[in-house]
Every structure is written in C-alpha cells, then in structure tokens.
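Visitor: Sequence:
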Amino acid sequence: MRMRVNGWVIGLVRYYLSQGVDLSGIEVIENDLLFIARARLEVENQAKRLLEQGMETQNPTQVGTALQVFYNLGTLKGTINNVVDGYQVSLEDNISSALDIKMLTQPIPATTRGPGRATMPTPGNTPAFRAALWTNMEKLMDQICAACGQVQHLQKVLTKKRDPVTHVCFIDEITKDGHADILCAFWNSVTEILSVKFQQTTNSSTFLKQAFEGEYPKLLRLYNDLWKRLQQYSQSIQSNITTSGNSDAPPELPPGEEDPQDLFMLKKQDYDPEKALKNSVQLYESAYLSKSLSRLFDPVNLVFPPGGRNPPSNDELDSIIKTIASEFNVASVDPNLSLAVARNVAKTIQLFGVKSEQLLSTQGDASQVIGPLTEGQRRNVAVVNSLYTLYQSVLKVLSTLSSLPLAAEQTIRTALEVIYRPFQLCYFVFCIHGSEQKEHSTTFSVYASLGLFV
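So the sequence shown is numbered by the UniProt record's numbering: it starts at 1 and just counts up by one.
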C-alpha cells in the first residue's frame, strides 16, 4: 500500500493546488483530475480497511498508518467522527436487541426431531425466560467492552501519533475546536443510551422490570465485571502502544504518572464514569432495596404476632438470622449495595429490639426483690435471652463476611446498641437478687461477660 500511495503523491499535490479554482473545461488536465479523484477514493478505501483491521486487532502500527493517510487527505476529524458514531449506533442496536421482549420470547428450536411444539420461554418468572435474558445481558457486556476497548485504543494512538512533517499531534486536530475527548464523549453516549433503554424497558414490559428489580445484584455484578475489564483494557492498551516502537509518538509520561485522558483509570473532578454507568440501572436499586427490607421485616413480624407475650424461639431466631445472612451474601457483589442492605439490616435489628422491649413486664412485680423471680421477671429474662441470641448471631454473621465494607459493619454494630436497654434492665434486677437463685446465675454471668455494664 505504501508504494501505491507514494506513486500518487504528485497527482495528489496537483489536486490540492486545484482546490478553490474552477478548472473545469480545461481539456489538458481533465484526465488528471479524473485519475486523481479515483486514486483518492482508492486510497481512502484502503486506509479505511487498514483502520478497521488495526482497530479489531488493536494494532497501533496499522491504526497509525491509516490515520496518517487521513491526515494527509485532510479528512482525519471526519473519519474519526464517523468511526465513533458507527460504534455508537452498533451498540444502540445491541442494547435494543438484548432487551427486546419479542426476541426473548421466541420459540426455542427442538434439539431432537419429531412431532411436537417448540418450547417458548414465557415472560415472567420462568427459568427459560430469565436464562435467555441474562445470556443476552452477558453478551451485551461483551459488546460494550469490545467497543469501548477499540475506541480507547483509537484515542491512545491519536494521543501519541504526530505528523512527521508538521509535528502536529493528531489528538489536537480532533479536539482543537473545543470538543471533549473521544472516549469520554463515547462513554457518555453509551451510558445515556443504557439509561434511556432501561427506562423504556421498565415502562413497556412488566416482566423485564420484575426481572431486573428482583435480580438487581446480578445486573450490578455484570456492571462491576464490565468496569474491571475496561480497567484491564486500559492497562494492556497502554502497554501495547508503549512497546509498539512508534517513532512518531511523543515522549512517554514520566514514571508513576497516569495518562490524564485514561477515563477508566482516573476519575475526573466533575465526572465519575463508573457512577455514570451504574446510574443507568439506579431505578432498579430502589425497588430491590424495598423488597429486601420487606424480606427482612417479614420473619420479625411473624414471630411477634399482635397480642403475643412470649419472645421468639431459637428456631424462629434462626429464621431471622438466615434471612440477614442471605441478604448480605447476595449484596456482596458491590460495596455500595452492601452498605445499603446493612442499613436495612440495622432497621430490622431496631424493629426486633422495639418489639422485644414491648414484651417486657413493667408492672410492680417486675421490680420486686423480696421473693423468688415473678412471672413478669421470668418473661423479662426470656426476652433478654432472645436478644442476646440475636446479638451473638448477628456478630457471628459479620465475622463470616470478609468483603463487607467497614462502614456497613459499623452500621450493624451501632444498631445492636438498641438491645442494650433490656440488657441493662435485667442486669439491674440480677444485681439486686445477686446469686440467690442458682437457676439464674448462668444467665447473669452471660450478661456480665458482655462487658457492656462493667
């Protein structure tokens, strides 16, 4: 290709000299003008193919050569805009296809021949429909990652490529009119398209809305995995271009410094690209957290029926603890989601403490110190026993959650303080009774061992 381009240099020079001058009708150069137009078209087509190939394989040498051709032809900026717009349009189609309810409910071809109807994934909670949806979402994440990687590679080459004659950096040609950097503009478009498409999905399909709300952590995990892959791409692309041996590249950044245009590695003061990505599915988080709170409250309300006088049994407490552990495990895909779920768990603990406190006897016999423990005092002991069991069990759950953010753990520990008040009441009674009642000495030592009242 390089030999053919050099062979047309003289003709292309004539073409540039003729710009702005009406040379039509001059028979001497008409043939040259026709030849030049055809040659230019062929050069552009070859450069486009070389650019596409270089983008797909992330070959900085091929991409740089193609960009040099477009720079020489004066079409660098227009070409870059067309390439990026093409990726944007393609991704928009991919997003629409992934969320197309009609495509998701198409019949599944039978794997064996014979009479019978094709299997159709019915919308709703059926496993077939959900499986098709999440397969589409995983494929969509791959497509977004590939497109962003190619646009990022293009920007990296533009940032480092200079014209050998004018020494103009190609990225300056693209952004000199005040345009935002290519990758940032592209990413902003992608996140906006995702937001719009998910909103349309929510409004048009109850089944998809329920799927994304019910399995929001799964969607968030896909987003987090996508973000990690984009960051890995950033590192590999930088390494690939740095070692490509491009003599036209500007000096490398000093050791320890990051490329200021690396969108996926550095956060800007006025723009957080990761947050922009997650904002596109923010509408599902609120619904998920609301349902999570209901799942946490349900077993608590169940063990404290209206008019009930007895605290929960150990089996009932186990049900509450299992629900808490389950919510934490599902939310562990994301630190912010874990913190939000921790706030729900804190509300659950507070609800349990309030309902337990309502069972405490506050009548006169609850504070008598003359005879043996009264019925009210025995019920108070049982309430405190259940509170202590909850306290101990929640702490045990926390000890198994190695990835739980510190802020989430602190939220839970603060909520556990709500059960200190009943502890204090019973501890006061035990202090008065001393060790007269042998059957209660064990309970007394348990509370004292907590170190809460020493």
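Please keep in mind that the hints were generated in silico from the structure rather than gathered at the bench.
Mixed in with the good hints, there may be bad ones.
Heads up, simulated EDC-like pairs for lysine to aspartate or glutamate below, C-alpha to C-alpha not over 16 Å straight-line [claimed, not checked]:
1. K139 / D93
2. K347 / E274
3. K218 / D318
4. K197 / E44
5. K139 / E92
6. K291 / E192
7. K77 / D225
8. K396 / D318
9. K77 / E192
10. K278 / D334
11. K278 / D177
12. K77 / D100
13. K77 / E215
14. K197 / E316
15. K197 / D334
16. K278 / E409
17. K355 / E274
18. K77 / D177
19. K48 / D85
20. K139 / E192
21. K228 / D298
22. K275 / E192
23. K228 / D142
24. K355 / E409
25. K291 / D163
Small disclaimer: the values here were computed from a predicted structure and weren't measured.
Visitor: For each hint, tell me whether it holds in the structure or not.
Guide: Structure-based check of all given hints:
1. A distance of roughly 13 Å separates the Cα atoms of K139 and D93; the hinted pair therefore holds under the 16 Å criterion.
2. Taking the CA atoms of K347 and E274, the gap is about 29 Å. The hint is violated against a cut of 16 Å.
3. A hinted pair counts as satisfied when its Cα atoms are at most 16 Å apart, and K218 with D318 does not qualify at roughly 26 Å.
4. With a C-alpha separation of about 35 Å, the suggested pair K197 and E44 falls outside the 16 Å cut-off, and the hint is violated.
5. Distance restraint check for K139 and E92: the Cα-Cα separation of roughly 14 Å lies within the 16 Å cut-off, and the hinted pair is therefore satisfied.
6. With a C-alpha separation of about 27 Å, the suggested pair K291 and E192 falls outside the 16 Å cut-off, and the hint is violated.
7. Distance hint between K77 and D225 is unfulfilled; the C-alpha atoms sit about 33 Å from each other, more than 16 Å.
8. Distance restraint check for K396 and D318: the Cα-Cα separation of roughly 12 Å lies within the 16 Å cut-off, and the hinted pair is therefore satisfied.
9. For the proposed pair K77 and E192, the alpha carbon gap of about 24 Å is over 16 Å, so the pair is violated.
10. The suggested pairing of K278 with D334 holds, with an alpha-carbon distance near 11 Å, which does not exceed 16 Å.
11. A hinted pair counts as satisfied when its Cα atoms are at most 16 Å apart, and K278 with D177 does not qualify at roughly 31 Å.
12. For the suggested pair K77 and D100, the alpha carbons sit about 35 Å apart, so the restraint of at most 16 Å is broken.
13. A threshold of 16 Å between alpha carbons decides the hint, and for K77 with E215 the separation of about 43 Å lies outside it, so the pair is violated.
14. Taking the CA atoms of K197 and E316, the gap is near 43 Å; set against the 16 Å cutoff, the hint is violated.
15. Distance hint between K197 and D334 is unfulfilled; the C-alpha atoms sit about 23 Å from each other, more than 16 Å.
16. About 23 Å separates the Cα atoms of K278 and E409, which puts this hinted pair outside 16 Å; it is violated.
17. Between K355 and E274 the CA atoms are separated by roughly 41 Å; this puts the pair beyond 16 Å, and the hint is violated.
18. Annotation: proposed proximity of K77 to D177 holds, straight-line Cα distance about 11 Å (limit 16 Å).
19. Between K48 and D85 the CA atoms are separated by roughly 15 Å; this keeps the pair inside 16 Å, and the hint holds.
20. Restraint check for K139 and E192: the C-alpha separation of about 19 Å exceeds 16 Å, so the hint is violated.
21. Proposed proximity of K228 and D298 is contradicted: the alpha carbons are some 36 Å apart, above 16 Å.
22. A hinted pair counts as satisfied when its Cα atoms are at most 16 Å apart, and K275 with E192 qualifies at roughly 12 Å.
23. Between K228 and D142, the direct Cα distance comes to roughly 12 Å. Compliance with the 16 Å bound is thereby established for this hinted pair.
24. Proposed proximity of K355 and E409 is contradicted: the alpha carbons are some 23 Å apart, above 16 Å.
25. A hinted pair counts as satisfied when its Cα atoms are at most 16 Å apart, and K291 with D163 does not qualify at roughly 59 Å.
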